[in-house]
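Enquirer: All chains, full assembly: derive it from the sequences and hints.
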Amino acid sequence: GTLQAPGRLVDFINYRLYHLSRVAMAASGLHLRAGAGVSRREWRMLAFLGEQPGTRLTELAASAGLDKVLASRAVHG
Numbered sequence: 001g002t003l004q005a006p007g008r009l010v011d012f013i014n015y016r017l018y019h020l021s022r023v024a025m026a027a028s029g030l031h032l033r034a035g036a037g038v039s040r041r042e043w044r045m046l047a048f049l050g051e052q053p054g055t056r057l058t059e060l061a062a063s064a065g066l067d068k069v070l071a072s073r074a075v076h077g
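With the first letter of the sequence shown counted as 1, position 45 gets the number 45 in our numbering; the numbers rise by one all the way through.
These are calculated hints, taken from the structure and not from any lab test. It cannot be assumed that every hint is accurate.
For each label pair, taking beta carbons as the anchor points, the in silico distance ranges come out as [as the list claims (entries may be wrong)]:
(1) A24 - L70: 17 to 25 Å
(2) Q52 - Q4: 46 to 54 Å
(3) A5 - A26: 27 to 35 Å
The structure presented is a predicted model; accordingly, all values stated were derived computationally and were not measured. Ideal placement from N, C-alpha and C gives every residue a C-beta, glycine not left out.
Expert: Printed below as a string of structure tokens:
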């Protein structure tokens, strides 16, 4: 058949993937907070540090996709 332009926002696959990603991220955040007492940001940083111990804060922020200020707050509480 012929491809048709989506008529509504929810018909766009990009929108559906974006929405699914947001729902999954929210659920994982709740799960991490309840199970381990950490935020997704803190978990992400711990995961990177676990794989690359001794990583400098600037490298950690870049690897984890975080702003340096947010990374510093997560490290220093």
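Enquirer: Confirm or reject each hint.
Expert: Now the hints, each set against the structure:
1. For A24 and L70, the hinted distance range of 17 to 25 Å is satisfied, since their beta carbons lie about 21 Å from each other.
2. For the hinted restraint 46 to 54 Å between Q52 and Q4, the CB-CB distance of approximately 47 Å keeps it satisfied.
3. Judged by the Cβ atoms, the range 27 to 35 Å given for A5 and A26 holds: they are separated by roughly 30 Å.
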